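Chemist: Please model the complete structure; the sequences and the hints are all you need to start from.
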Amino acid sequence: MSHPAFFTSPAPNEPRPPIAENSELIGSRYRLLRRLGRGGMGEVYEAEHVALKKRVVVKLLHARLGREPQILDRMRVEAQALALVRHPNLVEVSDFGHTRDGRPYFIMERLYGRTLREELDARGALPPLEVIDLGRQLLAGLGAAHGAGLVHRDVKLDNVFLCDPDKSLNTNTNTNTNTKILKLLDFGLAKVVGAGRPERPLAPLAIPTDEGVMLGTPRFFSPEQALGKPVDARADIYSTGALLYAMVAGRAPFDHYTALYELAQAHAAEPPEPPSKHAGQPLPPELDRIILKALAKQPEDRFQTAAELAAALERLAKPAASPAPIEPARAIAPVFVFILTALASALVFGAVTAGLLLLHLTP
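Counting in our numbering, the final residue of the sequence shown is number 1324, and the numbers go up one at a time with none missing.
Simulated from the structure, these hints should not be mistaken for lab results. Some hints could be false.
Label-pair ranges, simulated between beta-carbon atoms [to be verified]:
1) K1258 x D1216: 17 to 25 Å
2) Q1226 x D1262: 15 to 23 Å
3) D1193 x T1140: 26 to 34 Å
4) P1030 x P1246: 45 to 53 Å
5) K1190 x A1278: 27 to 35 Å
Simulated crosslink set (PhoX-like; lysine-lysine; CA at most 25 Å straight-line) [unchecked claim]:
6) K1190 x K1238
7) K1254 x K1238
8) K1279 x K1254
9) K1190 x K1254
10) K1258 x K1238
11) K1258 x K1190
Note that the structure is predicted; figures quoted are calculated from it, not measured. Think of the CB as a built atom: it goes at the ideal place given N, C-alpha and C, for glycine as much as any other residue.
Modeler: Printed below as a string of structure tokens:
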């Protein structure tokens, strides 16, 4: 399923559609109001908690897929992973269950805005400072996930949502009200690496992935994913670098390829061109270097953590530090000056006297 229609209009202040008395209840608590999206995996609805009168989103899997253990496990991974890792830059999941006919569902917060793909389609390349701000928000969310032992594995334009801070009722951050609040969506391909300290053990959520199987979105996945190799959090660093590239250049690093095998080969072996070559706007040279380091082919050559990449972006966002003022030379105390002067005079007088004496004694 794709996300563009899942969380968009209407805004909270628009008239609410009438709630039919016989409309379906999900989990005895959520009344379906209208369908927001539909795809191969299932459907997404706007719903309302019948007691709290709070708008939510219900992600409902197709009944036939609910009988597929691997697909069901992936949905449970997404629901439980996001429930365990609460962060302002991750979409909030509040409930998970099954309908009376056995269809699995989970409940997410209702967001208002548009995906990063829609943003770029509407505006083209974004200004560097805006890219840096959005990148730092994305990395904050990823850092929280990585800290809990989760690797997203599908960081892409459609999985990054930009909330309108004036319309999103459920968003609560300290971000300036004029700044879009970023939410990372869709942990359906998340992998549990067990390196974090979650509130509850995550091991039962692990989904075995055979080596040699590509998971992710080809335009943004890492070389490890392209080659079907095991991944860790640094795969998300690579995908974030590809996203930063797309934001400043208006295109992904290897957009000139269309075939899957070409994209996989490019991610695995072809050095990306600097984003400034395609940006159509002036870019700080350091931003080029940061993005290209995130896109390094070998994981050990990239930024090693989300926090490390975020810190590099933060340094770039700050104005150049002014050089430390040079401390003026201290005035020498008058007594000390007198001593130095007297000593110098004595040395000169001694040298002259010695010279005259030597001259007198010379035959």
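Chemist: Now, for every hint given, state plainly whether the structure supports it.
Modeler: Hints versus structure:
{"no.": "1", "hint": "K1258 x D1216: 17 to 25 Å", "verdict": "holds (18 Å)"}
{"no.": "2", "hint": "Q1226 x D1262: 15 to 23 Å", "verdict": "holds (19 Å)"}
{"no.": "3", "hint": "D1193 x T1140: 26 to 34 Å", "verdict": "holds (31 Å)"}
{"no.": "4", "hint": "P1030 x P1246: 45 to 53 Å", "verdict": "holds (51 Å)"}
{"no.": "5", "hint": "K1190 x A1278: 27 to 35 Å", "verdict": "holds (34 Å)"}
{"no.": "6", "hint": "K1190 x K1238", "verdict": "violated (31 Å)"}
{"no.": "7", "hint": "K1254 x K1238", "verdict": "holds (16 Å)"}
{"no.": "8", "hint": "K1279 x K1254", "verdict": "holds (20 Å)"}
{"no.": "9", "hint": "K1190 x K1254", "verdict": "holds (20 Å)"}
{"no.": "10", "hint": "K1258 x K1238", "verdict": "holds (20 Å)"}
{"no.": "11", "hint": "K1258 x K1190", "verdict": "holds (13 Å)"}
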